[in-house]
Amino acid sequence: MLARLLLAASLSVTATSVIAANMEMHKSAQCGCCTEWGDIMAEKGHNVSVIEQQNMTQIKQQVGLLPGLQSCHTVKVSNATGHEYIIEGHVPEADILKLLAQQPESVVGLAAPGMPRFSPGMAQPGEPYQGFDVIAWDKTGKQWVFSQY
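Per mature numbering (1 follows the signal peptide of the UniProt record, and there is no 0), the sequence shown runs over residues -20 to -1, 1 to 129.
If you are wondering where the hints come from, they were derived from the structure by calculation, not from laboratory data.
Since we're looking at a predicted model, the values are computed, not measured.
Be aware that one or more of the hints could be misleading.
To be verified - Listed next, the in silico DSS-like pairs over lysine-lysine satisfying Cα-Cα at most 30 Å (straight line):
1) 119 <-> 40
2) 24 <-> 40
3) 78 <-> 24
4) 56 <-> 24
5) 119 <-> 78
6) 40 <-> 122
Stated by the list, open to error - Across the chosen pairs, the derived CB separations fall in these ranges:
7) 19 <-> 120: 30 to 38 Å
8) 15 <-> 98: 23 to 31 Å
9) 85 <-> 12: 23 to 31 Å
10) 108 <-> 42: 31 to 39 Å
11) 61 <-> 22: 29 to 37 Å
12) 98 <-> 48: 18 to 26 Å
13) 10 <-> 85: 30 to 38 Å
Just so it is clear, CB atoms sit at the ideal spot from N, CA and C, and this is done for glycine as well.
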């Protein structure tokens, strides 16, 4: 019993240590699904600040988003250790936490290209996330599937 309590406590501390310290979300004022995604992240305990933009293309270019990875919102996310990554679109929280836990130096960010129907902020409450890939990319432009739903 004590071993289980200690394991649970250590997992809790580990999870807390990788939670994003800040999520700076850039979105257009008219995008409701972006607001939904931000609300989901805030409900999970993340500090989400929203910056409404007139020109999302300019933001995507500034952060180095690769062609073909675009979605509706762009997020700069960092954790307590200061590692910063770009999150493009409706990426599930589990993938963001995994990225922040691993802290790969060469990775620029994660993207859920387009607007996947069954992704966070798009799916109805209680619907499972399915039918899309989360793509990682690095500083050289290499892309790979980070996770599949």
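Check the structure against each numbered hint from earlier and tell me which ones fail, lowest number first. Hints 8, 9 and 11 not satisfied by this model.
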